[in-house]
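Visitor: From just these sequences and the hints, can you work out the full model?
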Amino acid sequence: MSEEKSSVLDWFSRRLNLTEIFSLLTSYGIYYGELDSRKPLREALAEARERPVALYSRWPRILSLIAVVLIGLELLTGGLLALYYLPTPGSAHPSLGTILRDVDFGGFVHQMHFWGGQLLILVLILRVIRYFLGGLYHPPRELIWVFGALLLLVAFHLDLTGRALPMTDQGYWSSVRALEIVGSVPVYGSLIHFLVGGGGSFITELTLIRFYVLHVALLPIAAVILIYMHFSSIRRVGLGGDPDQKRIQPKGVMRNQLLTLAIVLTLVFGLLVTLAVVAPKPFHREADPFATVPGIGPPWYLLAPFGFLEWMPEIVPQWLAGLILFLAFMAFLVVPFLHRSPGGPKKRRIVLVIFLLVILVWVVFSIYGARVA
Amino acid sequence: MTLNEESPKTDLPEISPRRRRVIKWLTGGFLSLWGFGFAWVIAAFLKPLHSQGSLGERVIKVGPLDSLPVGQAQLVRRGREPLFVIRTDEESLVGLDGVCTHLHCVLQWDGEQEQLQCPCHEGAFDVNGNVLKGPAARGLGRYRVETRLGEIYLHLT
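These protein sequences, in sequence, are chains A and B.
Heads up: the first sequence begins at 337 in the numbering used here, then just goes up one per residue.
Heads up: the second sequence begins at 50 in the numbering used here, then just goes up one per residue.
Just so you know, the hints here were simulated from the structure itself, not pulled from any lab data.
Some hints could be false.
Unchecked claim - One-sided and incomplete, this derived list gives chain B residues near chain A with beta-carbon spacing under 10 Å:
#1 W83
#2 I91
#3 A93
#4 K96
For each residue, glycine too, the CB sits at the ideal point set by N, CA and C.
Guide: Below, the structure is given as structure tokens:
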């Protein structure tokens, strides 16, 4: 049995660089040690087994692994939904109706896709918070932060483009609100409006097909690349900052990671099924571009910028408010370059206060935005 | 850097080979059940939708009787499925499958010879769906045709 297996492995390893492929796959959170891709797989593995590596498969280090699981789930369910969905204004809503009503497990797959996306955003936010509190952005770990922040941005855009696709009235008007907020940012906003068409006040068939291409092709590719880059960076620099980090024999690491992966998969799947059953996203009526539904705000993660824009007094021009939002976001992205050295306990306390202030401001503006909308 | 020998065997009780086999079998069974359920959900989702065969779809309104002269046939589309309604004489109409039973080529009506001809392998069927010539082994399926108030209706049951 094992002899046969190994001969198959040898057959392939004479024709493919298995080590490279293996390394590519395990980069998604399974194994963090470095593999010498010039050597045959078994030799490279045997060599890697001798080198001690850090054990990452424990809370809170598994957040990225959960993100990988969720991205995989989104790719799977999204691919299934794409087999029935038709991205034109006339048939988008009826085609989702077909999925929910006629296709076996259609509603289940749709709910899993929706809740998987929400959970992914939550996990990515938790990840960024953990990186901040753990100081995982000091040299040489700047890129871990930047990739994490960019991945969160990509996830926001995935959700934003995704919620417009069914052309339900809630999704439609929520997307219009979101486009208005994005449009207030000076250069970036006009670029986005230029790219997706429509001009922010309504969603045309061009907007829909562009949202669709972004949602099913460009943004998922970006997400997969970013999470790969994240793990690639971790392989090089490690998740230092943790004082309890243990370096152990890598022999058990792979099994440990696989076990963690199985547990994470089961828990995430269970949570998603529970959410899909207990709190299914309702299938709203088809959107009518000539009848605004009152009381619909932007998506929840855009409530704070929305609240900020609404809170700004009339005298401040919109582009200035948008610029402030943009600068705030850029500051978030380049945190590792603003705050380079960890500093002493006093500096840490200041950083913690700033963190709490940012969270507080975010929450207050979110509540304000929700009340205005 | 501390090398930490985390050997589970030292702090866990010894597992007998028999017990290990049972655990392995249970794990395998559990994972297989998961895989089976997963595959089943995906396969059920992928299964193409067939027309549900509601009453409206089982009876097709072909058109007014006057527009179909004697000795002519009309192609009826039921989704992707072609069907023929042939007016053989003043009174009688015949409903036939429009697809050759050989290789699923769509048939064409030849008004002069009063035949349904296959463009692929020169097969031909008469107005009752019987094979006249060609490679087809089976005749065409027949359907009931009805006229009401001057309109032709094709019954697919």
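Visitor: Decide, hint by hint, whether the structure agrees.
Guide: Against the structure, the hints:
1. W83: Check passed: Cβ of W83 of chain B comes within 9 Å of chain A, closer than 10 Å.
2. I91: Because about 7 Å separates I91 of chain B from the closest Cβ in chain A, which is inside the 10 Å limit, the hint holds.
3. A93: Result: holds, 4 Å to nearest chain A Cβ.
4. K96: Hint on K96 of chain B: holds, closest Cβ of chain A at ~6 Å, below 10 Å.
Checked against the numbered hints listed earlier, the structure breaks none of them; every hint is satisfied.
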